[in-house]
Amino acid sequence: MGYANVELVDPTGTTITVKTGSLPTYASATATVFMGAANGLGTYPGQGVYMSGVNISGNALEMINGYSAITAELTEALFIDSIQVTNMGLGTCLQFLGTLKSNVYGLHCNVDGNGLILEENSIGSFIFTGSNADRFYGVDIENGNNPTSGVGLIIGHSGGDYVSGLHMEGNSYEYIAVIGYTGSEDIQIVDWEANTATSPNYELSIIYSSDVHLHGPTQFESSSSSNGIGVNNSTDVVVDQFSITGNYSTAFNSIAGSSTGKLDRVINNTSPLAAMGTAGFIIEDFAGNFTPNNIISTGAQTLSASGCTISGQVGGSSAGSFRVATTTGTCTVTITPIVTPLMPPLPVTAPNGWACDAHDITNPAIVISQTGSVPATATISGSMLVSDTITWKCIGF
Amino acid sequence: MKLFKLVVLLLAFSAVANAQSLSSVQSHIQVQNLNSVRIADSFPGADIGAQINAAVVDCQADHIVCMIQVNKSGTISTPPELPQGFSLSFNPEGQYVISTTHAHPWLIDHSATSFYFNNAAFSYTPVDTGDNAIYIGKGIHPTVSVSTTPSITTVTGANRSLLNRRCR
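Those protein sequences? They're chains F and P, same order as listed. Note that our numbering has the first sequence beginning at 51, numbered continuously upward. Note that our numbering has the second sequence beginning at -3, numbered continuously upward.
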């Protein structure tokens, strides 16, 4: 308790004595508390706690939230070798709250509450620390069922953690995984399938975080979720070697505030092809190695016209066709590529602009030119005639 | 020569005695203490947790660090308390019910302790929000009171002297 007037800390009691007459004049004085070796369960003195072969089951009927099979709080250098938690009605399989530098080998969660949680400490009246530099080797989170409020994996207010060999399957949760307010998290996924996040949530949501790296090689397959991976207000998120499959309507989406991320060797194998909104993300290897049979433009289409009116718009965000309904002169159409909206529609911002071309397929002799290009929009213009059908496409650069 | 015969006779007698001793070895030996190993089953207590704690007290009386072994199945309603350096091991074929309470949870609150659960089946049913089958940490919930007297008092929370309890 770090107020400057502390005179005595009772080593065996609970009272801190302050010099007479000094503190009471500061009724709202700020006290600074430091976590020392004696406050937490750590390596000094002695060593961490070791546990092996943990096997805890519930009765599947527990309807009390906020409990866990195992909680470690303000603990350092915990070592758990093999832990499985099954058949719990609610609650959490394993939670670390302000737990540092711990290692867990072989975690298996099959519970209806939450799977694995890494968060700040909740006791002690003060936030001492998040759960930092913890390592998990081999994590199965399976068959959890809590679509109202359950999450398979939560990493929040923590940093520098490492998960290797994450297997997430058959869960029905509000979110399958949420990584929020964190930095430098590294998660290697070996299998992600048959999960259902409560609509319209993303299965894997990364919010207000930086340097989150998600690695495969893995499939990332939807069961009945609408949305795959959503990144919101985060920077330097890397998704590497994912094959996204299943029935998502949006496979990946970077939402407001996200930037400077990277998709590397991410293959969109969804059917029908799900939207990939990648604003602010560098897509590596798509250009060189992504070789689909066809590229189909999907997503909402936003066109506005001047000098004419248009109708019969079909196609997707960056390619389609329209018909000229009326003209009053040169017809100019502004194209604003839009990702499939789960949030309010947001324009895709290309790094520099859009290269577009358009053709009058009713009167091919009519030339339509691109007359504008900025990161958010492009314009095409020509002396099109009423009832002409125009096809167009744009590629961001 | 007489001395030699005496030595031979003594050796022969000793061999016969050892043979008789070996023939009387029991197939099962039930002991409470085996050096630094304590068998919790043999100590008094209303439940397995209490028996574990009784075994710990026995070790502390001898000023040694122990491995506490639990062989039988049963209920753990008294929170086991392992001091630093102690180990606890359960029977892999055992079945255990954790029925500690919200007020007295199973706290693992001392460093350098080892728990070998050995995949034995533990069942747990919480009764209150915030319950944990096992809580690792000090579990201190201090509430600080700044009074008009020259002191700051933690109204609730553990006594600091309990932290990192060692073998005494």
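Simulated from the structure, these hints should not be mistaken for laboratory data. Don't take every hint at face value.
[To be verified] Label-pair ranges, simulated between beta-carbon atoms: (1) P:VAL33 <-> F:SER214: 33 to 39 Å; (2) F:GLY220 <-> P:PRO40: 43 to 49 Å; (3) F:PRO267 <-> P:VAL93: 39 to 45 Å.
[Claimed, not checked] A short list of chain P residues far from chain F (calculated; beta carbon distances all over 12 Å): (4) SER32; (5) PRO40; (6) ASN49; (7) SER83; (8) HIS98; (9) THR109; (10) LYS134.
The beta carbon of each residue, even a glycine, is placed where N, CA and C say it ideally should be.
For this session: Given the hint of 39 to 45 Å, check if PRO267 (chain F) and VAL93 (chain P) actually sit that far apart at their C-beta atoms.
Result: holds, 43 Å
Exercise. Any Cβ of chain F at or closer than 12 Å to PRO40 (chain P), or is the non-interface label fine?
Worked result: Given a closest Cβ separation of 27 Å, the condition holds.
Problem set entry | Check on SER83 (chain P) being off the interface with chain F, judged by Cβ distance over 12 Å | violated, 9 Å
Exercise. Falls inside 43 to 49 Å, the C-beta gap from GLY220 (chain F) to PRO40 (chain P)?
Worked result: For GLY220 (chain F) and PRO40 (chain P) the Cβ distance comes to about 47 Å; the hint holds.
Exercise. Would LYS134 (chain P) pass as off the interface with chain F, using Cβ distances and a cut of 12 Å?
Worked result: violated, 6 Å
Exercise. Holds or violated: is the Cβ of ASN49 (chain P) farther than 12 Å from all Cβ atoms of chain F?
Worked result: holds, 18 Å
Problem set entry | Assertion that SER32 (chain P) lies farther than 12 Å from chain F (Cβ) | Given a closest Cβ separation of 17 Å, the condition holds.
Exercise. Lying within 33 to 39 Å: is that true of the beta-carbon distance VAL33 (chain P) to SER214 (chain F)?
Worked result: With Cβ atoms ~36 Å apart, the hint holds.
For this session: Find the nearest Cβ of chain F to the Cβ of HIS98 (chain P) and say whether that gap is larger than 12 Å.
Result: violated, 9 Å
Exercise. Once the closest CB in chain F is found, is it more than 12 Å from THR109 (chain P)?
Worked result: violated, 5 Å
Of the numbered hints given earlier, the model fails hints 7, 8, 9, 10; all others are met.
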